[in-house]
Every structure is written in structure tokens, then in C-alpha cells.
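Enquirer: With the hints as constraints, model all of the structure from the sequences given.
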Amino acid sequence: AQKITQTQPGMFVQEKEAVTLDCTYDTSDPSYGLFWYKQPSSGEMIFLIYQGSYDQQNATEGRYSLNFQKARKSANLVISASQLGDSAMYFCAMRVRGAGSYQLTFGKGTKLSVIP
Amino acid sequence: DTEVTQTPKHLVMGMTNKKSLKCEQHMGHRAMYWYKQKAKKPPELMFVYSYEKLSINESVPSRFSPECPNSSLLNLHLHALQPEDSALYLCASSQSPSGRVSPLHFGNGTRLTVT
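As you go down the protein sequences, you meet chains A and B in turn.
No gaps in the numbering here: position 60 of the first sequence is 52 in my numbering, and each next residue is one more.
To convert a position in the second sequence, counted from 1, into my numbering, add 126.
It is worth saying that the hints were derived from the structure and are not from the lab.
You may find that some hints are simply not true.
The list that follows gives simulated cross-link-like pairs (lysine-lysine, DSBU-like), each with its CA atoms no further than 35 Å apart [stated by the list, open to error]:
#, chain 1, residue 1, chain 2, residue 2
1, B, 144, A, 65
2, B, 166, A, 65
3, A, 100, B, 162
4, A, 62, B, 135
5, B, 144, A, 100
6, A, 103, B, 167
7, A, 100, A, 8
8, B, 145, B, 167
9, A, 62, A, 8
10, A, 65, B, 145
11, B, 148, A, 8
12, B, 179, B, 167
13, B, 162, B, 144
14, B, 135, B, 148
15, B, 135, A, -5
16, A, 62, B, 164
17, B, 148, A, 100
18, B, 179, A, 8
19, B, 179, A, 100
20, A, 62, B, 167
21, B, 166, B, 148
22, B, 162, B, 145
23, B, 166, B, 179
24, B, 145, B, 166
25, A, 103, A, 8
26, A, 100, B, 135
27, A, 103, B, 164
28, B, 167, A, 100
29, B, 164, A, -5
30, B, 164, A, 100
Expert: Here's what the structure looks like:
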């Protein structure tokens, strides 16, 4: 079975500072993908960034980067230069290849609040 | 702007009503999903359609009835719901249901209140 753990229920960050949201995962499947989604209070789940299990380099998308440490089974999201609009719920998720590959397993989420 | 469109954005219905949620995507994705999300919780998978066929039903009560008329459309028909069914219902699509790990793209969701 797959499992995603986000240990930070809530985080605060000063505007323009960087912040790291933690995510650890557990799977026995060697082929998997890790995703981060942002969910503002409006409800939409916005796809931010993807890291494949065989990717050699950490994924980056604009101000978002994923600190992928495979041996430690961690996939932390780093947001640089935080903006007020970054205040939202952030979910780490995993999808494995093979049986049950339809499943996107979510963590419980981290609520990020950006302080002006 | 999201590429997965859901209507309506908000829905209030009585327990004896029949209503439908609609979802549309034009990205050529072959897998479509319904998720249910309660407040302060992660989304929970309800149904998966793969190439327009129902692939997964996560033991969802029969008062929820999904339908996939074509590769771009996904409906969720609601009948005789209970107040505990009040939640945010999210539709999503992905390039392929399996074989390649691809992200799910979500719509804005429908906030459903059952009175």
C-alpha cells in the first residue's frame, strides 16, 4: 500500500521569504510519480510540480522546486519568494505504476499562510 | 484558467431531489475521475473512467451514479442524497489511466449542500 505523510498541519512564512513544505512517502513500487497540488479557499486543485521516481534531477517550475531525496523517501516542496497569493492548502500526492495505478494517494495537507 | 470545467459551481438540493454535476475537458485525456472532498480533508476517490468505461467504483453508494457520454464529458447523477453527502465534488482528468505516470488535472469543483 502507498502512503503519503505531511507532518506540518500549518505553516507561516513572511512575504518574499522561502518556505519548505515537508512530504515523505512510502511505496514498494519502483516506478512512481510525486505531485504537489495547491488548493486555495476557492476549492480548485492546482497542479504545481511533478517528480518521477527515475528522474535524476530535482523538478523546478518557476518559484516551485521539489527537493527529491529518494533514499530518504522525501519530496519536499520549496517555494521561493513567497507571495500573498501563495496562501492556500498544499497537498503532496503519489501515483504508482501498475495495479491500482489509477489511484492518486494524497497526504493530509499543509495550510500555508503568507504574512505581509 | 483551469482546463477542466465543472458546472454548477454551487448546488443546494433537498434529499428528495435529482440533480446532476457536469464535467468537461478538451485536452484529449482518456481517463476521468470523480473525487469527494470534505472540509479540511484530502480528496477521496469515488469513480474512475478509463477510455469511457467505468474502471473503478470505490464502494460509492448507489445514490451517486456516474456517466461518461463521450471522452470529453463526465456526469455525476445525484438522487436521494443525505446531508452528510454535502462536500466539494472535484472532477479530474489525466492523459492516460495507467502505463505512464501523468498528473491529474482538476476542475474548480462543485460545492454541494444537501438540506
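Enquirer: Now look at each hint and say whether the structure bears it out.
Expert: Evaluation of the provided hints:
Between residue 144(B) and residue 65(A) the alpha-carbon distance is near 46 Å, which puts this suggested pair outside the 35 Å criterion. For the hint linking residue 166(B) to residue 65(A), the alpha-carbon distance of about 25 Å falls within 35 Å, and the restraint holds. Between residue 100(A) and residue 162(B) the CA atoms are separated by roughly 14 Å; this keeps the pair inside 35 Å, and the hint holds. About 39 Å separates the Cα atoms of residue 62(A) and residue 135(B), which puts this hinted pair outside 35 Å; it is violated.
At roughly 32 Å between alpha-carbon atoms, residue 144(B) and residue 100(A) fall within 35 Å of each other, so this suggested pair holds. This hinted pair checks out: residue 103(A) and residue 167(B) have alpha carbons roughly 11 Å apart, not beyond 35 Å. A threshold of 35 Å between alpha carbons decides the hint, and for residue 100(A) with residue 8(A) the separation of about 26 Å falls inside it, so the pair holds. A threshold of 35 Å between alpha carbons decides the hint, and for residue 145(B) with residue 167(B) the separation of about 25 Å falls inside it, so the pair holds.
Taking the CA atoms of residue 62(A) and residue 8(A), the gap is near 29 Å; set against the 35 Å cutoff, the hint holds. At most 35 Å may separate the alpha-carbon atoms for a hinted pair to count; residue 65(A) and residue 145(B) exceed this at roughly 43 Å. Distance check on the hinted pair: residue 148(B) and residue 8(A) sit about 39 Å apart at the alpha-carbon level, beyond 35 Å; violated. A hinted pair counts as satisfied when its Cα atoms are at most 35 Å apart, and residue 179(B) with residue 167(B) qualifies at roughly 28 Å.
Restraint check for residue 162(B) and residue 144(B): the C-alpha separation of about 18 Å stays at or below 35 Å, so the hint holds. A hinted pair counts as satisfied when its Cα atoms are at most 35 Å apart, and residue 135(B) with residue 148(B) qualifies at roughly 10 Å. Restraint check for residue 135(B) and residue -5(A): the C-alpha separation of about 31 Å stays at or below 35 Å, so the hint holds. Restraint check for residue 62(A) and residue 164(B): the C-alpha separation of about 31 Å stays at or below 35 Å, so the hint holds.
Distance restraint check for residue 148(B) and residue 100(A): the Cα-Cα separation of roughly 27 Å lies within the 35 Å cut-off, and the hinted pair is therefore satisfied. About 47 Å separates the Cα atoms of residue 179(B) and residue 8(A), which puts this hinted pair outside 35 Å; it is violated. With a C-alpha separation of about 30 Å, the suggested pairing of residue 179(B) with residue 100(A) holds against the 35 Å cut-off. Straight-line distance between C-alpha atoms of residue 62(A) and residue 167(B) comes to about 27 Å, which keeps the hinted pair within the 35 Å bound.
Annotation: proposed proximity of residue 166(B) to residue 148(B) holds, straight-line Cα distance about 24 Å (limit 35 Å). Pair hint residue 162(B) plus residue 145(B) holds up; C-alpha atoms about 16 Å apart against a cutoff of 35 Å. Pair hint residue 166(B) plus residue 179(B) holds up; C-alpha atoms about 31 Å apart against a cutoff of 35 Å. Of the pairs offered as hints, the one joining residue 145(B) and residue 166(B) holds, with about 25 Å between alpha carbons and a cut-off of 35 Å not exceeded.
For the hint pairing residue 103(A) with residue 8(A), the CA-to-CA distance comes to about 18 Å; that is within 35 Å, so the pair holds. A hinted pair counts as satisfied when its Cα atoms are at most 35 Å apart, and residue 100(A) with residue 135(B) qualifies at roughly 24 Å. For a cut-off of 35 Å, the pair hint linking residue 103(A) to residue 164(B) stands: about 15 Å separates their Cα positions. Proximity of residue 167(B) to residue 100(A) is assessed by CA-CA distance (about 6 Å); at most 35 Å being required, the pair is judged to hold.
The suggested pairing of residue 164(B) with residue -5(A) holds, with an alpha-carbon distance near 20 Å, which does not exceed 35 Å. Taking the CA atoms of residue 164(B) and residue 100(A), the gap is near 12 Å; set against the 35 Å cutoff, the hint holds.
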